[in-house]
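The whole structure should be built from the sequences, with the hints applied where relevant.
In full-length UniProt numbering, the protein residues as written are 1 to 432.
FYI, nobody ran anything at the bench for these hints, they're computed from the structure. Glycine included, C-beta positions come from ideal geometry on N, C-alpha and C. A hint or two may mislead.
What the hints assert, rightly or not - For lysine-lysine, the following DSS-like pairs were computed, each having C-alpha atoms within a straight-line distance of at most 25 Å:
(1) K307 x K170
(2) K214 x K307
(3) K170 x K214
(4) K142 x K117
(5) K286 x K134
(6) K117 x K214
(7) K142 x K119
(8) K307 x K172
(9) K307 x K142
(10) K134 x K119
(11) K172 x K119
(12) K134 x K117
What the hints assert, rightly or not - Label pairs and their in silico Cβ distance ranges:
(13) L386 x P125: 28 to 36 Å
(14) V189 x D318: 44 to 52 Å
(15) D289 x I199: 52 to 60 Å
(16) Q120 x R229: 34 to 42 Å
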Amino acid sequence: MAAESLNTDVVMETANRVLRNHSERQERHKLQEAPGPKQKPEPAAEPPSVPSGDLRLVKSVSESHTSCPAEGASDTVPLQRSQSLPHSVTVTMGGTSDPSALSSSALSEREASRLDKFKQLLAGPNTDLEELRKLSWSGIPKPVRPITWKLLSGYLPANVDRRPATLQRKQKEYFAFIEHYYDSRNDDVHQDTYRQIHIDIPRMSPEALILQPKVTEIFERILFIWAIRHPASGYVQGINDLVTPFFVVFMCEHIDEEDVDTADVSRVPADVLRNVEADTYWCMSKLLDGIQDNYTFAQPGIQMKVKMLEELVSRIDDQVHRHLDQHEVRYLQFAFRWMNNLLMREVPLRCTIRLWDTYQSEPDGFSHFHLYVCAAFLVRWRKEILEERDFQRVPSREALVCAVCRQAAQVGAVPSDAVSPLPRGSLTKWKK
Numbered sequence: 001m002a003a004e005s006l007n008t009d010v011v012m013e014t015a016n017r018v019l020r021n022h023s024e025r026q027e028r029h030k031l032q033e034a035p036g037p038k039q040k041p042e043p044a045a046e047p048p049s050v051p052s053g054d055l056r057l058v059k060s061v062s063e064s065h066t067s068c069p070a071e072g073a074s075d076t077v078p079l080q081r082s083q084s085l086p087h088s089v090t091v092t093m094g095g096t097s098d099p100s101a102l103s104s105s106a107l108s109e110r111e112a113s114r115l116d117k118f119k120q121l122l123a124g125p126n127t128d129l130e131e132l133r134k135l136s137w138s139g140i141p142k143p144v145r146p147i148t149w150k151l152l153s154g155y156l157p158a159n160v161d162r163r164p165a166t167l168q169r170k171q172k173e174y175f176a177f178i179e180h181y182y183d184s185r186n187d188d189v190h191q192d193t194y195r196q197i198h199i200d201i202p203r204m205s206p207e208a209l210i211l212q213p214k215v216t217e218i219f220e221r222i223l224f225i226w227a228i229r230h231p232a233s234g235y236v237q238g239i240n241d242l243v244t245p246f247f248v249v250f251m252c253e254h255i256d257e258e259d260v261d262t263a264d265v266s267r268v269p270a271d272v273l274r275n276v277e278a279d280t281y282w283c284m285s286k287l288l289d290g291i292q293d294n295y296t297f298a299q300p301g302i303q304m305k306v307k308m309l310e311e312l313v314s315r316i317d318d319q320v321h322r323h324l325d326q327h328e329v330r331y332l333q334f335a336f337r338w339m340n341n342l343l344m345r346e347v348p349l350r351c352t353i354r355l356w357d358t359y360q361s362e363p364d365g366f367s368h369f370h371l372y373v374c375a376a377f378l379v380r381w382r383k384e385i386l387e388e389r390d391f392q393r394v395p396s397r398e399a400l401v402c403a404v405c406r407q408a409a410q411v412g413a414v415p416s417d418a419v420s421p422l423p424r425g426s427l428t429k430w431k432k
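Here you go:
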């Protein structure tokens, strides 16, 4: 596919521009409709062209629907591990640029200015989380990503003076869990859980990082402790993938290498690794708190989200929807994995991390905005889908980050007569 040959930096910059322009257009629309004196909004760039087809832009379902298990979901497809393994990826999370559009000096100046905005916001005695979300929606600079993720996830308090004590308390609490629970991993009641975790971790990527003995041990402890402390779901395949972005981002505070997946973790001091492990556990737990019904028995959250995706695609691109139906392609066949792994098996890790910047700046981003992103997969690749007959291959290159962000932003532009809009304050809330 032609899109697959796009330079990654170009793709990432294009995606950022689309997200920024979308936010500005929505803010302008909001100001125009607000009662009272109207402010003149900043001019916004022209919106990206919409692919051919009937793209009625709607939101899919209400928040109340999101938390309700699908009727009869327990009779649907049981949890299965996908046969395909994740492709090899490179973890590079430096600032992105578009060399064809801007000079390197202009980009450097712009990126420095953006980083300075983050630093100023984070330097105050009480971080304005609302402003931090607005600023983070279009991407977070690498140097401030770790602290920003910890704040956006709710792990750290907004008050600067309270953070050291909070970190110390939560890290101490996590290792108390280790001391109390981890020796039980070989007990009859828990050995199946531990064995499955032990089997799944070597299948993850990036392999050069995950297969380092210290990293493998860290992941095993994080996943086992989470499973023991959440018996309603326990460990489910797919949860293991959600550890990686947090671990990689938090390691970037302590490793100079641009490519974290090639770094020798054994050179990192033991106390630093302990802190990264605890921080990763708590932030992953915060994420899973919002989507835990994805992983309870019969995974009703995923069953419902797959139905929501089918409804959404039928509205925004009925031709694609009918084509899938004509060839007897059921949404559960491909979208189950998209929901179960949050698309981490479909896009490179650096793109996942960039998407998570936006997810964490959105209310319910890992459920509602993620639904837009899944719809964007289908809408953006509609031409290839309509030409396809066997459906054995889904695009999985880095160019998808552009396609996903572009179409997800378009899907989020909701007309006032949407049948089942998502809660107010979602996607269109933020502007740069």
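Range hint compliance [Cβ, Q120 to R229, 34 to 42 Å]
holds (38 Å)
Can the restraint linking K134 and K119 be considered satisfied, given a maximum Cα separation of 25 Å?
holds (14 Å)
Can you confirm whether the C-alpha distance between K172 and K119 stays at or below 25 Å?
violated (28 Å)
Indicate whether the distance between the beta carbons of D289 and I199 respects the range 52 to 60 Å.
violated (26 Å)
Below or equal to 25 Å on CA atoms is what counts here, so check K134 against K117.
holds (12 Å)
Go ahead and decide if the range 44 to 52 Å is satisfied by the Cβ distance of V189 to D318.
The hint (44 to 52 Å, Cβ to Cβ) holds, given that V189 and D318 are roughly 50 Å apart.
Given the hinted pair K170 and K214, is their Cα-Cα distance within 25 Å?
Judged against 25 Å, a Cα distance of about 21 Å means the pair holds.
Restraint check for K307 with K170, where alpha carbons must lie at most 25 Å apart:
violated (38 Å)
P125 and L386 - C-beta distance against the hinted 28 to 36 Å:
violated (55 Å)
Is K307 within 25 Å of K172, Cα to Cα?
Not satisfied, since the Cα-Cα distance of roughly 42 Å exceeds 25 Å.
Is K214 close enough to K307, meaning Cα to Cα at most 25 Å?
violated (40 Å)
Does K307 pair with K142 here, judged by a C-alpha cut-off of 25 Å?
violated (36 Å)
Violated hints for the displayed structure, listed by number in ascending order: 1, 2, 6, 8, 9, 11, 13, 15.
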